[in-house]
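S.K.: The task is simple: from the sequences and hints, build the whole structure.
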Amino acid sequence: MKFGQDFKETLATQDFPSHWVEHAIPYGQLKKCLKKVLKELKDLGLDHDTLQSLIDPENHSPVALKYRLIASENSDIVRPTLTVDVYLEDDVIVEASLTPASRLFFEKIASEVRHNHQADSGSTSGNSSDAGQDDDVSVQDQNSEIQHKKNRRHETIQLPLVFDHEFFEMLQNDVSNIDSLQDTERQQMSDEIKALGEDLAQITKPRRVHRTDMIPWRNIFELYLDAEVFFATHEQEHGARSSQLALKKLQWFQGEVKKRELQRIFKIPQSQVAYDRFLRINANLLKMLQFQEINQLAVHKILKKFDKRTSFGISKSFRSAIQSHQFMTGAIGRDVCAQMSQHLTNVVPQLNDYLCPICFMVAYRPVKLDCSHIFCLRCIIKIQRSRESHCPLCRSDVVMKATISKFDGSTLDQWSEHVGAVMAANRVGNYLVHLDDDLAKYMKKHFPTEVSDKERHNQIERGLEDYGPGYKHQECSVM
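1092 is the number of the first residue of the sequence shown in my numbering; add one for each residue after it.
The set of hints was computed from the structure by calculation and includes no laboratory data.
Some clues are possibly wrong.
[What the hints assert, rightly or not] Calculated cross-link-like contacts (lysine to aspartate or glutamate; reagent style DMTMM-like; alpha-carbon spacing at most 20 Å):
no., residue 1, residue 2
1, K1123, D1138
2, K1532, E1546
3, K1123, D1106
4, K1157, D1317
5, K1563, D1544
6, K1473, D1461
7, K1378, D1367
8, K1395, D1138
9, K1123, D1134
10, K1127, D1398
11, K1127, D1138
None of the values given here were measured: they were computed from a predicted structure.
M.R.: Set out below in structure tokens:
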């Protein structure tokens, strides 16, 4: 099946909105316009073989064609120009390989050049004085040299073409129209994302009463971030995904949510409505990517066909000229993903963002070193005991500077020699110079289960240090 038919069928069968289809690249019209371009060139005697010969940079012919795109001064529109470099001897083009039609055309050009040249010579001629008899030989030599230079002349003439201007103007206007369409759709999706983010903030808000859907939504967004549906950030695989791969990733995400029955543990009815809206936003973005890709392919195909039929080799420079258009760069996926990250996934804090990089548990009792890296109190105490002064991440000399008191300057390890690490943190929280108390409250509010596990782990570890391997941890009980 030819691409034109395939393109038309895809637009008709992929359930694109009707106003999207109206903005699609008019591939059929561009093909008709290309035929007019070829007919116009043929009427000038420039058939395919002649064009290929005259544009070949390795062909040192007295006649050479150049086809370029020139940017307009007051707009982003580029204009095509076809110029011919003509080398004349005695005002005649000597080129045996020209076809009769091409020769007739270039002889007409040479005639116009000769007429213009004679007009210029006549306008600049003035009165001349008679020279002496002794200067006749010198004058003849000069005239001979001038005549030789006159016989060999180079002229550059711009050929007036009509339909190539029409072709590129149509194509550029179509690309601009798709840009405008994407801007409108991007704004609508952005508004929808912001509204959904406000609803999620209420649904997942931590409460004293356990009627909150913070945990299932955290798991949903954790799966979504792992899927990297539209944009990959791995070292070996990074950048925007194709619509086909994005579809597979989105299907995997929905399958995992269903497999783990995360929707069934919703406690608030609005959560199901919000989840459906979230899927709808992703489906709309996927549909826009599919529409973008098929139109990008249409642009590529019609430019390739233009080059193949004319030998002008302009497709690469044209794509470079319109790279400022967001439609060609595929920026909509990146922009919408950034919006979802800002207004949706950040509404529900992810545990991975608050892990201690040493023990990989929640960094409860977070200690913020002077280098701004954050670790849990227990791990910092261990590092100080080993007399390691450098940050495990950036190697700055800051670990031993993490002090317990504003007054005595004791290190966290020195303080823990007198009191258990957990007790120390509880008793002197206001005096911990490097303890981020606000962050500790935030963690306890949003990760209550993980914080409890961390505290229990610290108690067990401290008990083993104090009482040896025979220590058995027992939970407190009220008698």
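S.K.: Each hint should be assessed against the structure and marked as holding or not.
M.R.: The hints, checked one at a time:
1. Between the alpha carbons of K1123 and D1138 the distance comes to roughly 18 Å, so the proposed pair stays at or under 20 Å and holds.
2. Straight-line distance between C-alpha atoms of K1532 and E1546 comes to about 14 Å, which keeps the hinted pair within the 20 Å bound.
3. Proximity of K1123 to D1106 is assessed by CA-CA distance (about 27 Å); at most 20 Å being required, the pair is judged violated.
4. Between K1157 and D1317 the CA atoms are separated by roughly 52 Å; this puts the pair beyond 20 Å, and the hint is violated.
5. Under the criterion of a C-alpha separation no larger than 20 Å, the hint pairing K1563 with D1544 is consistent with the structure, at around 16 Å.
6. A C-alpha spacing of about 18 Å is found between K1473 and D1461, which places the hinted pair at or below 20 Å, so the restraint holds.
7. Simply put, K1378 and D1367 have alpha-carbon atoms about 16 Å apart, close enough for the 20 Å limit, and the pair holds.
8. Between K1395 and D1138 the CA atoms are separated by roughly 18 Å; this keeps the pair inside 20 Å, and the hint holds.
9. Annotation: proposed proximity of K1123 to D1134 holds, straight-line Cα distance about 17 Å (limit 20 Å).
10. Using a Cα cut-off of 20 Å, the hinted pair K1127 and D1398 holds, with the two alpha carbons roughly 15 Å apart.
11. For the given pair, K1127 sits about 13 Å from D1138 by alpha-carbon distance, which is consistent with the 20 Å threshold.
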